[in-house]
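*Asks:* Knowing the structure of chain C, use the given hints to seat chain S on it.
Protein chains: 2
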Amino acid sequence: MFALELVFAISIISLGFAGYLAWFVLKQETGTPKMRTISDAIKEGAEAFLKRQYVTISALAIVLAAVIFIGYSALGDPQRAWYTSVSFIFGAFCSALAGIIGMFISVRTNIRTAAASTKSAANALKIALRGGAVSGLTIVAMSLLGVSIIFYALGANPTETPFMMVGFGFGASFVALFAQLGGGIYTKAADVGADLVGKVEAGIPEDDPRNPAVIADLVGDNVGDCAGRGADLFESTAAENIGAMILGVALYPVFGISGILFPLVARAFGLIASIIGIMAVRAKEDEDPMNALNRGYFVTSILAAIFFYVATMWMLGNVWFFYAGLTGIILSIAFVYITQYYTESRYRPVKEIAEASKTGPATNILSGFSVGLECTGLPIIAISIALILAYKFGEWSGVAYGGLYGTAIATMGMLATAAYILAMDTFGPIADNAGGIIEMSGAPAAVRKKTDRLDAVGNTTKALTKGYAIGSAALAAFLLFSAYMGDVAKLTGKPFGAVDIAKVDVFIGAMLGAMLIFVFSAFAIRAVSKTAQYVITEVRRQFKIPGIMEGRVKPDYAKCVDITTTGALKNMVLPGLLAVGFPVLVGVLLKAEAMAAFLMVGTIAGVLLATLMNNGGGAWDNAKKYIESGMYGGKGSEAHKAAVVGDTVGDPFKDTAGPSLHVLIKLLSTITLVLAPLFI
Amino acid sequence: MFALELVFAISIISLGFAGYLAWFVLKQETGTPKMRTISDAIKEGAEAFLKRQYVTISALAIVLAAVIFIGYSALGDPQRAWYTSVSFIFGAFCSALAGIIGMFISVRTNIRTAAASTKSAANALKIALRGGAVSGLTIVAMSLLGVSIIFYALGANPTETPFMMVGFGFGASFVALFAQLGGGIYTKAADVGADLVGKVEAGIPEDDPRNPAVIADLVGDNVGDCAGRGADLFESTAAENIGAMILGVALYPVFGISGILFPLVARAFGLIASIIGIMAVRAKEDEDPMNALNRGYFVTSILAAIFFYVATMWMLGNVWFFYAGLTGIILSIAFVYITQYYTESRYRPVKEIAEASKTGPATNILSGFSVGLECTGLPIIAISIALILAYKFGEWSGVAYGGLYGTAIATMGMLATAAYILAMDTFGPIADNAGGIIEMSGAPAAVRKKTDRLDAVGNTTKALTKGYAIGSAALAAFLLFSAYMGDVAKLTGKPFGAVDIAKVDVFIGAMLGAMLIFVFSAFAIRAVSKTAQYVITEVRRQFKIPGIMEGRVKPDYAKCVDITTTGALKNMVLPGLLAVGFPVLVGVLLKAEAMAAFLMVGTIAGVLLATLMNNGGGAWDNAKKYIESGMYGGKGSEAHKAAVVGDTVGDPFKDTAGPSLHVLIKLLSTITLVLAPLFI
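Keeping their order, the protein sequence lines are chains C and S. When the count follows the working numbering, it moves up by one through the first sequence with no breaks and lands on 680 for the last residue. When the count follows the working numbering, it moves up by one through the second sequence with no breaks and lands on 680 for the last residue.
One chain only, chain C, in its complex shape (with noise of 0.2 Å):
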């Protein structure tokens, strides 16, 4: 299996690149005494919260693994049972290690891109854009490694293997579950807590250094934005590989082992663009920093879609679907740049938004519900259009099951360039640290500016990542869904038929898929306001302490981090029990039938609900930042305080409610792929 071996060398190559950048980045400045002091702060607090929030995932890991061992014991089937909880464990262990890592350098690239800043704002973005490019080509290479090593372990019967390595896509989905909850929690805690109290009721700028809270807020946007939204991506390349590779062997009479490895290598010829891309980004001293991050996107696109030609005649010989993978890329496109529609200044619904919180707070955050329940109409669209579209390609190639096979391989080209995506995506949280690092420390207001930049640029590559993850989710959902009635139809011997939601028990399997998604996301914004609770009291509680608000006394950041750390996991809890217990009562319920319409409803509703928070929030973000650019007043007027309002109200949304949806639509394939005996 020579494709097998390419993706090993491609993986191991990838894994050996992200070694070097972590060197390049390690090498570089540390800056001044200050700044290290605040930049050690945040790195003892982030992996402090990782260490303790990994105990708890592994702890309710080990015991779902038990479970799941002890159940396909008891249902007769003990090769099942061993195979699904190894490698159950094997993938929440290759999620929790991806994120880990990622977090290990981010951490230190903040430090690091701060000095820089000192001296360049382009060796800054650099340095931002090639820490965060470790996390991006770990997290895609792990995967594809373990996916592998697994398929490698397993390979007596290739065309067993895929199913049985579903586990390996439950434990990366449980894993990142959590770790997209807890630090998505964490991060917003913080952030409303450190704001409410500090911008809010005491009137200091934010990452002002006598904020008790400021340090949990930096923590945050790590554990939030770089450590969850990795094990997110990680969970999806996985998942994604083995739902096409599932797919795969129902095409083995046609390709033979090719259709079933061809996802790894297509990936892997992706990672290989992402890397070239990366190392493209070069920004002209005084040149806006998204315009080079832009440029290495389009090359990373560009060579994604030539190796995809290549990787497809190679191996598929056919090249209608190398215009259906052509369909995803396209699609990967098309959501970027309705993400930055919906989410940056320059366009007409972050305008409106600004416009009105002239008449106060209330007008503010219905115009920007509205903008968040509308821009859900054009990705739906761009999705249904690329399905379509994907699903013809594939029947035109003449091949059986061909349209199906189109639709996966659409999923395989939007997932080409996600190493990329994400090194754009972990720059965002790098850059806000470095900005928080230079404000805390004192620095001149012109290297302020310079990092202020770059902070910008990494909110909007942090909405780009958002629109992405949840694209791609959705266009492999579908994939997922057919893997899900093939392995029902394998188990109960007979076709699955069709998922008729015309019948009652279907239509309410349907229902309730719909209504976890609500009812999730109320169990997480509820979770963020507790914890903030905790974070408000104690903030206040040190601003009364003489000396901390003259800036004599030095507040006890620690205490902060620790008390968001404990409210966060905590109150993780209960939405990811709530996440994992409903579908698996449903499903014993209701059977296999109204199982899958569960699935596919939920699928729908968590689209656009995650897509409405995403976007509704980032909205708000930048309404916020464009009137605090001096427009309707500027800072400290009418409009901005309406505007802060929503910016709260957005934060949650965005980074905990939004893309923990993410995550559980992609939790609802997995658990129904690895329970799927118990639905019978």
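Keep in mind the hints are simulated off the structure, nothing from the lab. Incorrect hints may have been included.
Put simply, identical chains are the same to the list, so a pair is met inside one copy or across any two.
[Said to hold, decoys possible] List time: in silico BS3-like cross-link candidates among lysine-lysine, alpha-carbon distance up to 27 Å:
# : residue 1 : residue 2
1 : Lys-635   : Lys-199
2 : Lys-358   : Lys-544
3 : Lys-392   : Lys-591
4 : Lys-530   : Lys-559
5 : Lys-559   : Lys-358
6 : Lys-351   : Lys-530
Note that the structure is a prediction, hence the values are computed from the model and not measured.
*Replies:* Frame of chain C; chain S shown alone:
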């Protein structure tokens, strides 16, 4: 057909009884000349709006009728062309007439309620409820009469007729959509405009006569809550009658004509139960008025259950169908309790929002929004259980298609108490108006206290009706799906098979259906914002006129009424056209099966989003009232200011977008039924 004659008789008797109630109300005292001046202004404004609104709607309806006629003629089906377009116009006419009659009485009941409250709170309650009952009885009786007349006119072929009269339902829902949208935009634009400039900027109390928008605000209560909701429930009962009759056709071999006429008989019996319930309401002078209304509701429910038993045993001769109907009656009671839990200040959710207001508007909004998301859970579970039970009861009846007929009968059970619920609903705007008239006419504080209590009860009953409307829409939807599928099967001459959302085009239909719900809501909310801007500008202009703020110069109320009218009518067109046009486009492009998924998943998304908006809005409103009752600093405190923001956000949620979604769901059902031939 004795049953049909009985339905005729009961409908006529109910209309006669509504006439008696109208006479009873109109003979009451009309208070002081000052009160009459205010009431006359409201009356004029409401009637002017209704007149202009129905001119616009008529124009749109005539165009659509012509399109339907030409379309079916072109398809070579002249019979369907005639029947559908004529019954469409007839349905639109009946719906409009029901709205006009209801409004005629309610704008005359408000002043009589106000006058009565100067003497006796118990008497005021009685007058307001009886005024509301004129609407309730007229709407249900008209819908019954309309369907019966068509059935009688086309009677030659009872198994064909129900298919022919789907036009009636479509006409009703078409008018209902625009009535609810236009009225909803009007009422909230006036409310938000009056509050933002009056209460927030100028700091004068609600309903203060110096506020130029105050009459527009009072007019809004009538055109939104009264005319809008009336059209909504007219449509519910009509569509549900037709859906159930179509199903009765499938059961013709089992029950004969009885199966087709049963829904009409069940509804007619429900009318009698409601009349007795309304007459049973007698409050004691110092009792909570809600208790008196609840007593009447229980009388109605118990009578409805008994009558249902009689009707079932007489016409269907199978006790299992009675159990199915009872399931519907119990579901409606469950909805009343669930809605109360989420929107009354006695319970955890509203208290939570009030408490979150202490830390400002942002936490108030987050808390309210998470309550809105969470409150979708119990209703969906309740509907699921009711659907399963009704289906099982139907199956156990031993009749072919019994399961589906069981769900139809559950819907009839739920709608049996519709007239009473509608009377309680219209009670709301009457009590609200009476309070406004008392406030503006400067009556003593003791009288105000009485009307305030009635007003608070009115808020609760309005929330209950919305819960009830969405619950019955969800239940009826399942029935209408099967009617649509039966229609398509009849047209193509082969069984529909399944709505298989695992097919790519069907899945896309499902996604687009859910998306329409989100985008439509965005447009509805934006329409309120836009119209409110006109009002805000006008009120600010008038406040600058010397003498107005000092109370020496009377503001130009008529100008505000006129501006709101023009704005609401202009801004209802875009969401309205989207709601009608998009389903047609999708159906034509993706065909019948995808359209079924569009309808079903759109309904699910609509139920969820409407529940979120209705209950979230109600909870925000009552959290504000809870604080005004003295909690967390009471009126004027920071917590109160934050709660006012939440209330303002909740207004277009609960009174524009939410209720419009009810109608949209049903419009989707009737539009697919009418246009089914285009989708083949």
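*Asks:* Indicate, hint by hint, whether the structure satisfies it.
*Replies:* Okay, the hints, checked on the actual structure:
no., hint, verdict
1, Lys-635 / Lys-199, "both (12 Å within a copy, 25 Å between copies)"
2, Lys-358 / Lys-544, "between (34 Å within a copy, 19 Å between copies)"
3, Lys-392 / Lys-591, "between (32 Å within a copy, 16 Å between copies)"
4, Lys-530 / Lys-559, "within (17 Å within a copy, 47 Å between copies)"
5, Lys-559 / Lys-358, "between (38 Å within a copy, 24 Å between copies)"
6, Lys-351 / Lys-530, "between (32 Å within a copy, 15 Å between copies)"
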